[in-house]
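J.: Residue numbers (the working numbering), protein chains in the order written: chain A, 1 to 314; chain B, 1001 to 1314.
Treat the hints as calculated values from the structure; they're not laboratory data. Please note that a few of the clues may not be correct.
Unchecked claim - Distance ranges between label pairs, derived from CB positions: (1) A:Thr27 / B:Asn1196: 32 to 38 Å; (2) B:Asn1196 / A:Ala128: 35 to 41 Å; (3) B:Arg1288 / A:Thr125: 44 to 50 Å; (4) A:Ala128 / B:Asn1170: 50 to 56 Å; (5) A:Lys134 / B:Pro1169: 55 to 61 Å; (6) A:Asn32 / B:Pro1105: 23 to 29 Å; (7) B:Asn1170 / A:Pro24: 52 to 58 Å.
Positions of the beta carbon are idealized from the N, C-alpha and C atoms, including for glycine.
Number of protein chains: 2
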Amino acid sequence: MKALQKQDLLDCHQRIAEHIHRTPVLTSRLLNEISGAELFFKCENFQRMGAFKMRGAAHAISRLTKEQQQRGVVTHSSGNFAQALSLAARSLGVDAYIVMPNNAPQVKKDAVKGYGGQIIECEPTLTAREKAAKKIVEKYGATFIHPSNDLDVILGQGTAAQELLEDQPNLDNIFTPVGGGGLIAGSALAAHFFGNDCKTIGGEPFEVDDAYRSLKSGKIEFNETTNTIADGLKTQLGDINFPIIQKYVDRIIRVEEQEIIEAMRLIWERMKIIIEPSCAVPFAALLRERTSFKGKKVGIILSGGNVDLGKLPF
Amino acid sequence: MKALQKQDLLDCHQRIAEHIHRTPVLTSRLLNEISGAELFFKCENFQRMGAFKMRGAAHAISRLTKEQQQRGVVTHSSGNFAQALSLAARSLGVDAYIVMPNNAPQVKKDAVKGYGGQIIECEPTLTAREKAAKKIVEKYGATFIHPSNDLDVILGQGTAAQELLEDQPNLDNIFTPVGGGGLIAGSALAAHFFGNDCKTIGGEPFEVDDAYRSLKSGKIEFNETTNTIADGLKTQLGDINFPIIQKYVDRIIRVEEQEIIEAMRLIWERMKIIIEPSCAVPFAALLRERTSFKGKKVGIILSGGNVDLGKLPF
């Protein structure tokens, strides 16, 4: 893999600019008081389709050749990346095939269809998903795009932190959640290239602390169970994002489920914005170790706002 | 009453500017598609203490003499105005006495205390509330400030629409909820002085349609029952705001309870922001009569975001 440069992120941002929102950075006096830090929330919950994943999806598609674009893209996901790839594909005039387990909630299927994605249902196992995606690749010549373990996706996700640092160049830290590793890897690259000694810190639930353990052991670890409310963070790292995380991420702070719910509630009640549980994890991590960040300027990537209002934890 | 001038609103805004947030104006492609209009949401849910009432409270206090300010202010309210007067008073270095019914929820009492207001409890009747407030006026020489039927409060509330028209000078309409009448009266004044033939329209629940009936009958009407989810809109108009509403408001559109809940849900899910039920009423009104506003530029005052997350209607 060729070493990444600052220019790679600048090029990426330029490529995707017309397909994404430049999301606002919000502040809250009350949350500053509670945390003891000066906080800057990068609101990717206001991003198109409601999450940062729009950035990586748009970038990955934009990097395909015209011929590849004509044959479409495919992924397997039942979460935000399914919606992101569908909308990004529509935005770029490309077909998107989304492999989803046949037990995925109807609301998720409807969202993908609403953004123009074509759903291929399969049995709810990883093997069945991979097989179904492979079939689409063979049948249509579509390009498979991984939700997090893809360099173009990683660069795309990094543009949120890049924009945040353009607005606030002197952040001491950037906090992100850690799921499949795309967001934190991209953010850490952006902090490295655009920050002024800005350290990237991950927030991860104790219940799915594979990334924390991976950094300790030096190899990609897995979760045996995934009993967390942060449903976007159940996936594990990949061989492309893990080396970037090892090199550029300062550390990962783990949080309890109750801390995630409390952090989510604080942001809902005090900032009046809707974030999904996974999105509350980095703020929960900051609160857990607030004494270490007293007086610091801290950026927090609010990763997404797609929640089922019928299933809230409060 | 001396005729109001454009300058009165300009002076008001200048007086309160340091005590309020200039709230953002958000847009949503999806809600534009759904409504058929071009919508501009003025986000007073992001205002200090979570509602536009901060504006009127700050203005009313700022207009008192130094001597009056030293003796404090008093109101009776268990809603947003209690919090607004408490925070505005603290912001201006003034004592605030808040008369609340002894059955008010603890969370509301805590909010008032959190903003520095001093609570005086009384029996939960209007007579008891008025008596308790009168006692404070006599004991401390405090000035009573009405939540909506006070010219300085009305002007203060009007500054939200004024800011919205500074940002979007060519709105065809401004929609607001109608409760006690302060917000819609102030907004209609702002639309008159700062708009370009901009018509002000109220949204009101059928269940508490006193203002709708008042405009029809030409005198202030009351509600016999108040079975609405829009708990901020249960109050009736007053003799100071009603003439302004008669003169400057175009009309009032009534909505069903289910329409309020659906409008609230649309804004939560699509815009990822938290609004209270009362705040969804003008958007519900627009959706109900969307054919009349097709292609129009419509401003909507999102009045507040203080909801009890434990008691959501979805």
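J.: Each hint: holds or not?
T.: Results for each hint:
1. Here the CB-CB span from Thr27 of chain A to Asn1196 of chain B is close to 33 Å, well matched to the stated 32 to 38 Å.
2. Distance hint check for Asn1196 of chain B and Ala128 of chain A: the Cβ-Cβ separation is about 60 Å, which falls outside the suggested range of 35 to 41 Å.
3. Range check, Arg1288 of chain B to Thr125 of chain A: about 47 Å between beta-carbon atoms, so the 44 to 50 Å window is met.
4. Between Ala128 of chain A and Asn1170 of chain B the beta carbon distance is about 55 Å. The supplied range of 50 to 56 Å therefore holds.
5. Checked against the given bound of 55 to 61 Å, the beta carbons of Lys134 of chain A and Pro1169 of chain B, roughly 56 Å apart, stay inside it.
6. At about 27 Å, the beta-carbon gap between Asn32 of chain A and Pro1105 of chain B stays in the expected band of 23 to 29 Å.
7. Distance hint for Asn1170 of chain B and Pro24 of chain A: a CB-CB separation of about 24 Å, inconsistent with the stated range 52 to 58 Å.
Consistency with the previously given hints fails for numbers 2 and 7, ordered from lowest to highest.
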